[in-house]
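Work the whole structure out from these sequences, hints included.
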Amino acid sequence: MARYGYSFVPDRGFSAFSRDLGEGAWKDVSIKKYDTPDRMPPQLMEAPRPVAWKLRATWCIAALDEVLGIASASELATLDAEWDAAQRALHHFVASAEEGEDAAVREAATRVRAVMLKGNGTEQTRLGYDAEVDFGRSQAAAAKRTMEADLKKIGAGAHLKRIEKATEALARGIGRGGGEKRLGTRAKRLRAAISGCVTAFNAIHDEITWLLAHTAPGVQRQQLEALHAPFLALLERYPPPARSGTRDNGEGEEELAMEEPADDEEEPASAPP
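When we follow our numbering, the leftmost residue of the sequence shown carries the number 55, and every step to the right adds one.
No lab work stands behind these hints, which were simulated from the structure alone.
Possibly wrong hints are sitting among the right ones.
Said to hold, decoys possible - Capping the alpha-carbon separation at 27 Å, the derived lysine-lysine pairs in DSS-like fashion look like this:
#1 LYS207 to LYS219
#2 LYS242 to LYS172
#3 LYS172 to LYS207
#4 LYS206 to LYS172
#5 LYS219 to LYS206
#6 LYS172 to LYS215
#7 LYS242 to LYS206
#8 LYS198 to LYS215
#9 LYS219 to LYS198
As the list claims (entries may be wrong) - Pairwise CB distance ranges, derived in the manner of DEER restraints:
#10 ARG275 to ARG93: 26 to 34 Å
#11 GLY154 to GLY182: 31 to 39 Å
#12 GLU129 to SER192: 18 to 26 Å
#13 GLY173 to GLY67: 44 to 52 Å
#14 ALA241 to LYS206: 55 to 63 Å
#15 ALA131 to TYR292: 28 to 36 Å
#16 ARG297 to GLY67: 15 to 23 Å
#17 LYS215 to LEU98: 38 to 46 Å
#18 ARG275 to THR132: 52 to 60 Å
#19 ARG297 to ASP89: 20 to 28 Å
#20 LEU266 to PRO294: 18 to 26 Å
By construction, the Cβ of each residue, glycine as well, lies at the ideal position given by its N, Cα and C atoms.
This is the structure:
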């Protein structure tokens, strides 16, 4: 397959291309019939070529956008700080309830501490990000299954809501869905997503170029040229750098000979309370 220069397009360049897919000639290419959540649409083999092209571009951009939504190291630190604060707030609230005048409230608070907190009450704030998400989700599950009455007795509902909100924000920040483990570092996932866009865009560009070479002037050729135009414009926006200091990237394209960024470090544990 020919290589056209898409390896020089940055992540945001690919992400912004989703707008091009909703304008001009591409707007008239409907993928609704085939754009299934599992991306395994029936009768895909029967889809017109433009539909298959739009599906492939749309899906690779969606995968990239998903990774771009993962928080940076500094953003993760902020999310983690809120998670830790929510846990400490629950710990202090339970400790206060344990000193209350009502014996039933004291007993409920003791049970809440045993089930909902760890160690001295804040040991969970020392966990890594993935473990914090798991712990927070286990707290939410316990609050609904076995601890609802005790939490209501001591009036801790607002604290559990804060923990649940902080937990899901942290989960989104590390790229986890409703039960998934984190799939590698953000840097690795971003490189893979960009590579997927490069491959997809090269393939689409190559097919359109081949068809243009074998389509006589007329309505069909005009449609192909209109579909091709946004891809050519994308390459014009991100041309290859000057040849000095370049290297071959192993796919027939040259790119700047600069050191690749190191992978994200292993996720740090939270700071001690």
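Hints and how they fare:
1. Of the pairs offered as hints, the one joining LYS207 and LYS219 holds, with about 22 Å between alpha carbons and a cut-off of 27 Å not exceeded.
2. Of the pairs offered as hints, the one joining LYS242 and LYS172 is violated, with about 33 Å between alpha carbons and a cut-off of 27 Å exceeded.
3. Between LYS172 and LYS207 the alpha-carbon distance is near 20 Å, which keeps this suggested pair within the 27 Å criterion.
4. With a CA separation close to 20 Å, the supplied pair LYS206 and LYS172 stays within the 27 Å bound.
5. The straight-line distance between the Cα atoms of LYS219 and LYS206 is roughly 18 Å, inside the 27 Å bound, and the hint therefore holds.
6. A distance of roughly 18 Å separates the Cα atoms of LYS172 and LYS215; the hinted pair therefore holds under the 27 Å criterion.
7. Between LYS242 and LYS206 the alpha-carbon distance is near 44 Å, which puts this suggested pair outside the 27 Å criterion.
8. Proposed proximity of LYS198 and LYS215 is supported: the alpha carbons are some 12 Å apart, at most 27 Å.
9. At roughly 15 Å between alpha-carbon atoms, LYS219 and LYS198 fall within 27 Å of each other, so this suggested pair holds.
10. In this structure the hint that ARG275 and ARG93 lie 26 to 34 Å apart at CB holds, the actual value being about 31 Å.
11. Between GLY154 and GLY182 the C-beta distance comes to about 34 Å, which sits within the given range of 31 to 39 Å.
12. Hint check: GLU129 to SER192, Cβ distance near 24 Å, so the stated range 18 to 26 Å holds.
13. At roughly 48 Å, the beta-carbon separation of GLY173 and GLY67 lies within the given 44 to 52 Å, and the hint holds.
14. For the pair ALA241 and LYS206, the beta carbons lie near 44 Å from each other, so the given range of 55 to 63 Å is not met.
15. Hint check: ALA131 to TYR292, Cβ distance near 32 Å, so the stated range 28 to 36 Å holds.
16. For the pair ARG297 and GLY67, the beta carbons lie near 21 Å from each other, so the given range of 15 to 23 Å is met.
17. Range check, LYS215 to LEU98: about 43 Å between beta-carbon atoms, so the 38 to 46 Å window is met.
18. Between ARG275 and THR132 the C-beta distance comes to about 53 Å, which sits within the given range of 52 to 60 Å.
19. A C-beta distance of roughly 40 Å is found between ARG297 and ASP89, which places it outside the suggested range of 20 to 28 Å.
20. Hint check: LEU266 to PRO294, Cβ distance near 22 Å, so the stated range 18 to 26 Å holds.
Hints 2, 7, 14 and 19, counting from the list given before, are not met by this structure.
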